Amino acid sequence: MADGNVVMARGMPAAVAPPQKGTLHRIARRRSTLAFLMTLPLLAVIGGLVAYPFFYALYLSMLNKRMTRFVGIDNFTFLLSRETFQAVIWQSVLFAVSAVIAKALIGFILAHVLHALPAKGQRKWRGMLLVPWVIPPAVSTLAWWWMFDPSYSAINWVLTTVGVPPVAWLGEPSWARFSVILVNVWYGAPFFMIMYLAALKSVPDQLYEAAAIDGATGWQKLRYVTVPMMKNIIAITVLFSLIVTFANFDIVRILTNGGPQDKTHIFGTYAFQVGIQSGDIPLGSAVSLFMFPILAVFAIFVLRDVTRRNKEMTG
Amino acid sequence: MSGASVTRGAVAPPTYYKVGSIKRERRWALIGAYAALAVFVVFFLTPPFYMLVTSLKSSGEIADLSGNPWIVSSPTLENYRELLTQGNYVTHFLNSVIVTLAVVAITMVISIFAAFALSRMRFWGSTMLATGVFLTYLVPETLLFIPLFQIIGGLGLYNNLLAMILIYPTLTVPFTTWIMIGYFASIPKELDEAALIDGANHFQMLWKIFIPVALPGILAAMIFAFTVSWAQFLYPMAFLVSSEQMVLTVGIVSDLIRGDTFQWGKIMAGALMAAAPPLLVYAFLMDYYIAGLTAGATKG
Amino acid sequence: MAQVSLRKIVKEYEGGVQAVKGIDLEIADHEFVVLVGPSGCGKSTTLRMIAGLEEITSGEIAIGGQVVNDIPPRDRDIAMVFQNYALYPHMSVYENMGFGLTLRKFPKDEIRRRVENAARILDIGNLLDRKPKALSGGQRQRVAMGRAIVRDPKVFLFDEPLSNLDAKLRVQMRTEIKKVHQTVKTTTVYVTHDQVEAMTLADRVVVMNQGIIEQVGAPQELYHHPATRFVAGFIGSPAMNFIPARLENGAGALRMHLPNDIVLPVPASRTQRYAPHAGREVLFGIRPEHLTELRATDKPNIATFQATPEVVEPMGMETLVHFWMQGAEVCARLDPAVPVEPGRPLTMAADLDQMHLIDPVSGRVL
Numbered sequence: 003m004a005d006g007n008v009v010m011a012r013g014m015p016a017a018v019a020p021p022q023k024g025t026l027h028r029i030a031r032r033r034s035t036l037a038f039l040m041t042l043p044l045l046a047v048i049g050g051l052v053a054y055p056f057f058y059a060l061y062l063s064m065l066n067k068r069m070t071r072f073v074g075i076d077n078f079t080f081l082l083s084r085e086t087f088q089a090v091i092w093q094s095v096l097f098a099v100s101a102v103i104a105k106a107l108i109g110f111i112l113a114h115v116l117h118a119l120p121a122k123g124q125r126k127w128r129g130m131l132l133v134p135w136v137i138p139p140a141v142s143t144l145a146w147w148w149m150f151d152p153s154y155s156a157i158n159w160v161l162t163t164v165g166v167p168p169v170a171w172l173g174e175p176s177w178a179r180f181s182v183i184l185v186n187v188w189y190g191a192p193f194f195m196i197m198y199l200a201a202l203k204s205v206p207d208q209l210y211e212a213a214a215i216d217g218a219t220g221w222q223k224l225r226y227v228t229v230p231m232m233k234n235i236i237a238i239t240v241l242f243s244l245i246v247t248f249a250n251f252d253i254v255r256i257l258t259n260g261g262p263q264d265k266t267h268i269f270g271t272y273a274f275q276v277g278i279q280s281g282d283i284p285l286g287s288a289v290s291l292f293m294f295p296i297l298a299v300f301a302i303f304v305l306r307d308v309t310r311r312n313k314e315m316t317g
Numbered sequence: 004m005s006g007a008s009v010t011r012g013a014v015a016p017p018t019y020y021k022v023g024s025i026k027r028e029r030r031w032a033l034i035g036a037y038a039a040l041a042v043f044v045v046f047f048l049t050p051p052f053y054m055l056v057t058s059l060k061s062s063g064e065i066a067d068l069s070g071n072p073w074i075v076s077s078p079t080l081e082n083y084r085e086l087l088t089q090g091n092y093v094t095h096f097l098n099s100v101i102v103t104l105a106v107v108a109i110t111m112v113i114s115i116f117a118a119f120a121l122s123r124m125r126f127w128g129s130t131m132l133a134t135g136v137f138l139t140y141l142v143p144e145t146l147l148f149i150p151l152f153q154i155i156g157g158l159g160l161y162n163n164l165l166a167m168i169l170i171y172p173t174l175t176v177p178f179t180t181w182i183m184i185g186y187f188a189s190i191p192k193e194l195d196e197a198a199l200i201d202g203a204n205h206f207q208m209l210w211k212i213f214i215p216v217a218l219p220g221i222l223a224a225m226i227f228a229f230t231v232s233w234a235q236f237l238y239p240m241a242f243l244v245s246s247e248q249m250v251l252t253v254g255i256v257s258d259l260i261r262g263d264t265f266q267w268g269k270i271m272a273g274a275l276m277a278a279a280p281p282l283l284v285y286a287f288l289m290d291y292y293i294a295g296l297t298a299g300a301t302k303g
Numbered sequence: 005m006a007q008v009s010l011r012k013i014v015k016e017y018e019g020g021v022q023a024v025k026g027i028d029l030e031i032a033d034h035e036f037v038v039l040v041g042p043s044g045c046g047k048s049t050t051l052r053m054i055a056g057l058e059e060i061t062s063g064e065i066a067i068g069g070q071v072v073n074d075i076p077p078r079d080r081d082i083a084m085v086f087q088n089y090a091l092y093p094h095m096s097v098y099e100n101m102g103f104g105l106t107l108r109k110f111p112k113d114e115i116r117r118r119v120e121n122a123a124r125i126l127d128i129g130n131l132l133d134r135k136p137k138a139l140s141g142g143q144r145q146r147v148a149m150g151r152a153i154v155r156d157p158k159v160f161l162f163d164e165p166l167s168n169l170d171a172k173l174r175v176q177m178r179t180e181i182k183k184v185h186q187t188v189k190t191t192t193v194y195v196t197h198d199q200v201e202a203m204t205l206a207d208r209v210v211v212m213n214q215g216i217i218e219q220v221g222a223p224q225e226l227y228h229h230p231a232t233r234f235v236a237g238f239i240g241s242p243a244m245n246f247i248p249a250r251l252e253n254g255a256g257a258l259r260m261h262l263p264n265d266i267v268l269p270v271p272a273s274r275t276q277r278y279a280p281h282a283g284r285e286v287l288f289g290i291r292p293e294h295l296t297e298l299r300a301t302d303k304p305n306i307a308t309f310q311a312t313p314e315v316v317e318p319m320g321m322e323t324l325v326h327f328w329m330q331g332a333e334v335c336a337r338l339d340p341a342v343p344v345e346p347g348r349p350l351t352m353a354a355d356l357d358q359m360h361l362i363d364p365v366s367g368r369v370l
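Residue numbers (my numbering), protein chains in the order written: chain A, 3 to 317; chain B, 4 to 303; chain C, 5 to 370.
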């Protein structure tokens with residue numbers, strides 16, 4: 003009987019075939035949906051509070067001051083024609099590049115010094131040397147502001163005591179630029195120190211021993227063993243720091259607020275002044291966006307270099 | 004052919020530097036090291052030291068230009084007392100605490116879940132998402148604050164502390180997720196499998212196994228989130244206006260500078276107290292603090 | 005001239021731990037000397053002191069007649085092959101090998117000549133452009149050796165170079181090293197914990213134990229005439245058997261009383277040597293290869309006794325049997341054709357010309 007056969011045929015699989023097949027499917031699907039759900043908040047944060055505002059900024063930058071009509075790249079061309087803004091570009095680059103170079107050098111030197119110390123001493127000194135990084139920059143810059151004060155500068159007091167004329171740290175444009183860079187270097191060098199110290203520790207001791215036997219002096223070991231082995235970390239930290247330094251706000255804002263005569267303005271502080279203080283949101287947006295292409299170029303170059311070297315050395 | 008040693012020393016090595024001495028080299032290295040340490044320790048620690056010195060001076064002593072500004076002749080705790088009893092300092096401090104605690108909690112929840120999913124469960128787009136996380140660092144706060152200004156205004160959250168809690172995570176979540184991915188990835192898969200066999204579902208695995216084992220990484224990430232939130236300056240400066248909503252970093256400056264008068268003693272006292280929480284966390288948890296920094300780079 | 009002298013060398017670490025407790029050693033030019041011993045005996049530390057990688061606490065080391073205590077490694081004119089090869093990962097094989105010469109500003113064509121020469125000796129000419137990560141363990145070890153050869157130093161130092169290789173490769177590389185030494189003839193100091201390597205490679209073997217030198221001598225010398233119990237038990241595999249015994253003077257003849265009521269005569273050639281120790285507790289030492297089943301032989305001093313093997317290990321080319329005497333485990337090497345099973349008593353034959361008596365207190369071989 004057809005029904006009977008069908009019943010039997012259906013009865014057999016039901017008893018014999020593993021019921022998991024259907025369940026497995028469900029688990030697999032559930033797993034990936036679960037995973038998706040778990041990353042949803044992250045996606046929300048990145049999508050809603052980073053990606054969306056970024057594109058919104060692009061949109062804003064192409065509006066007129068009252069945000070009533072679309073003006074294309076007028077804001078950008080306007081900025082580029084202004085001398086003040088040209089100076090801001092130059093100042094930002096000068097600030098970022100010189101600060102990062104100084105920080106990398108100091109960090110490199112200090113990492114070596116620390117690495118050469120015995121373990122206990124190393125902890126102690128390392129602890130002291132990281133302090134500038136730990137204090138919020140907005141707070142520590144206040145101390146520098148006070149030390150640079152035109153009338154009461156404690157640094158000037160030291161200078162005059164040894165017979166050197168006092169310096170207008172924040173009043174004179176060149177010195178103001180120097181001061182801003184100095185405070186940034188003060189704040190950021192410990193970060194480099196810590197990174198480089200970790201990288202130094204990862205270079206196997208035996209390579210140095212082999213180099214010593216091969217005939218390398220201290221400097222040669224540095225050049226032929228240390229730096230090549232550390233190239234990746236150096237590149238990553240420099241990139242990271244370039245981005246962060248380029249986009250700096252706190253230090254310049256508190257110390258000079260862009261002055262004197264806008265000579266220390268960088269993208270962040272200028273955007274704040276133009277966008278929020280003067281109320282021209284689209285223009286401010288345009289100012290900030292200038293940063294992005296420069297950062298992106300840096301990032302691409304260094305990342306490409308890093309992944310290539312990674313493949314070379316570890317395969 | 005006694006003179007011609009063909010294989011040995013056919014070309015005499017060029018004369019180079021004279022023979023060194025281990026003792027002498029070590030001595031110079033030590034001198035150099037301690038000199039560098041001394042110089043930089045002085046450079047690094049002078050500002051906090053001066054903050055402390057100034058905070059203990061009365062305004063009279065500060066205004067007095069004669070004498071050494073680096074020492075306190077008649078120390079006083081007046082500045083601290085005034086800050087803690089009058090004005091808005093305490094409010095600002097509490098605001099910072101509230102925001103920071105909330106942001107740390109939110110950050111950790113988001114990043115732990117996301118890191119767990121990204122490191123353990125392969126699903127479509129997971130690698131894309133991981134790179135995306137890194138790319139968010141190319142969009143700094145100084146670029147985002149203007150559009151966010153509009154958005155926050157549009158949401159009616161202008162001049163509202165809650166807005167801070169909402170947007171700070173953009174600064175902390177990418178990096179903490181990255182840290183956590185690194186830590187989770189280093190937990191051997193066998194642990195998962197043992198747990199699955201023991202009958203755990205994914206949530207139990209996360210709660211009972213991953214989190215305890217990755218605790219150092221979690222601590223490091225928490226410290227990072229804490230430090231970043233506490234130190235935030237641009238966003239509160241742009242989005243908070245009134246004193247009751249203000250956080251510490253902006254509040255010190257805005258409150259204590261009336262027109263042209265700078266109350267430096269109180270400013271420094273306020274600054275020092277503002278620096279205290281991160282410094283304390285650092286002092287007690289230094290290893291986790293540093294682990295948080297280096298984890299990003301070395302595991303990245 | 006490239007002789008190496010160690011005079012009263014002591015290495016002490018902070019806290020008073022002495023890794024090397026005063027050793028003297030003279031290594032002749034062109035000699036291949038192996039420092040061998042268990043881990044922690046101080047052999048690597050000694051090598052590193054010769055290299056200049058460890059500070060010498062007291063004593064003097066001289067290379068080629070010149071005291072080198074205060075001279076940094078780069079000026080000692082030595083080359084070293086490390087256990088982990090220590091090749092520079094970012095340099096090609098060619099650059100790795102030529103690195104020492106590059107540092108000393110040798111002319112480029114001289115560097116090329118030397119590198120290619122060394123590459124030819126070690127048969128790695130086709131690898132010159134590769135980076136270390138693209139090489140196998142054996143190839144890396146060759147590059148490390150090439151780096152040393154290129155330098156043409158006064159002394160080669162090897163720090164357990166074969167320990168990271170698998171057994172088969174190890175045997176192969178051992179022969180390579182020996183061949184290289186025959187070609188290049190540089191004075192060599194070689195450290196290993198493997199006594200087989202020591203025996204096969206060395207002109208002279210230095211056995212070290214807990215920071216002191218137990219014995220120095222040619223391999224055969226150490227095998228046949230060990231000076232201490234440690235050396236006797238260290239050289240040779242399977243290790244020498246040590247059976248507690250008592251030396252008795254009875255009925256005008258010197259005899260050894262072993263456990264299980266076994267009594268063995270002392271060969272006439274040894275009577276004079278052992279007579280002064282009559283009445284004392286000693287250790288009877290005999291190598292497994294000299295303890296066999298009873299077989300036809302013309303060796304003059306074979307003694308027999310009964311023993312019951314408890315563990316039997318058929319190795320194919322021989323059969324190892326283990327039996328116990330009063331707690332001491334004894335191993336014997338039997339001809340594979342001998343029928344033997346655990347629990348069945350067997351007549352053992354000991355070649356007493358090859359025996360050693362050891363003072364259990366001082367460890368010295370009598």
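Derived by calculation from the structure, the hints in this document are not laboratory data. Please read all numbers here as calculations on a predicted model, not as lab measurements. Possibly wrong hints are sitting among the right ones.
[Stated by the list, open to error] Label pairs and their in silico Cβ distance ranges:
no., chain 1, residue 1, chain 2, residue 2, range
1, A, L39, B, G159, 25 to 35 Å
2, B, L288, A, E85, 40 to 50 Å
3, C, P248, B, A188, 43 to 53 Å
4, B, P219, A, G123, 18 to 28 Å
5, A, G123, C, D133, 38 to 48 Å
6, B, L158, A, G165, 51 to 61 Å
7, A, L39, B, V244, 31 to 41 Å
8, A, D307, C, R117, 52 to 62 Å
[Stated by the list, open to error] Non-contacting residues of chain B with respect to chain C, defined by C-beta distances greater than 12 Å in every case (computed):
no., residue
9, V22
10, G23
11, S24
12, I25
13, E28
14, A66
15, S69
16, T88
17, G90
18, S122
19, G185
20, I200
21, H205
22, L209
23, V244
24, P280
Virtual Cβ for every residue (Gly too), placed ideally from N, Cα, C.
How the hints compare with the structure:
For the pair L39 of chain A and G159 of chain B, the supplied restraint of 25 to 35 Å holds, since their beta-carbon distance comes to about 29 Å. Range check, L288 of chain B to E85 of chain A: Cβ separation about 49 Å, and the 40 to 50 Å hint holds. Restraint check, P248 of chain C to A188 of chain B: a C-beta distance of roughly 58 Å breaks the suggested window 43 to 53 Å. Between P219 of chain B and G123 of chain A the beta carbons are some 24 Å apart, a value that agrees with the proposed interval 18 to 28 Å.
In this structure the hint that G123 of chain A and D133 of chain C lie 38 to 48 Å apart at CB holds, the actual value being about 44 Å. Between L158 of chain B and G165 of chain A, the C-beta spacing of about 59 Å keeps the proposed range 51 to 61 Å intact. Here the CB-CB span from L39 of chain A to V244 of chain B is close to 38 Å, well matched to the stated 31 to 41 Å. For the pair D307 of chain A and R117 of chain C, the beta carbons lie near 35 Å from each other, so the given range of 52 to 62 Å is not met.
A beta-carbon of chain C is positioned within 12 Å of the beta-carbon of V22 of chain B; the least distance is around 4 Å. Distance to chain C contradicts G23 of chain B as a non-interface residue, since its nearest Cβ pair spans about 5 Å, not more than 12 Å. Separation of S24 of chain B from chain C is inadequate, the least Cβ-Cβ distance of about 5 Å not exceeding the 12 Å criterion. Not every beta carbon of chain C lies more than 12 Å from that of I25 of chain B, the smallest distance being close to 5 Å; the non-interface claim is violated.
With a minimum CB-CB distance of about 7 Å to chain C, E28 of chain B fails to clear the 12 Å threshold, and the non-interface call is violated. A cut-off of 12 Å between C-beta atoms confirms that A66 of chain B is not in contact with chain C; the least separation is 55 Å. Distance check on S69 of chain B: its Cβ is at least 53 Å (rounded) from any Cβ of chain C, clearing the 12 Å threshold; non-interface status holds. Distance check on T88 of chain B: its Cβ is at least 55 Å (rounded) from any Cβ of chain C, clearing the 12 Å threshold; non-interface status holds.
Separation of G90 of chain B from chain C is adequate, the least Cβ-Cβ distance of about 56 Å exceeding the 12 Å criterion. With a minimum CB-CB distance of about 26 Å to chain C, S122 of chain B clears the 12 Å threshold, and the non-interface call stands. Look at G185 of chain B: its CB is around 23 Å from the nearest CB on chain C, clear of 12 Å, so calling it non-interface holds up. Under the 12 Å C-beta cut-off, the non-interface status given to I200 of chain B relative to chain C holds; the minimum distance is some 34 Å.
Residue-level check passed: H205 of chain B sits 37 Å from the nearest beta carbon of chain C, beyond 12 Å. The Cβ of L209 of chain B lies farther than 12 Å from every Cβ of chain C, with a closest approach of about 36 Å, so its non-interface assignment holds. Remark: the non-interface label on V244 of chain B is consistent with the geometry, its nearest Cβ contact in chain C lying 55 Å away (cut-off 12 Å). Once the 12 Å rule is applied to beta carbons, P280 of chain B is consistent with being away from chain C; the minimum gap is 40 Å.
Violated hints, listed in ascending order, are 3, 8, 9, 10, 11, 12, 13; each of the other numbered hints is respected by the structure.
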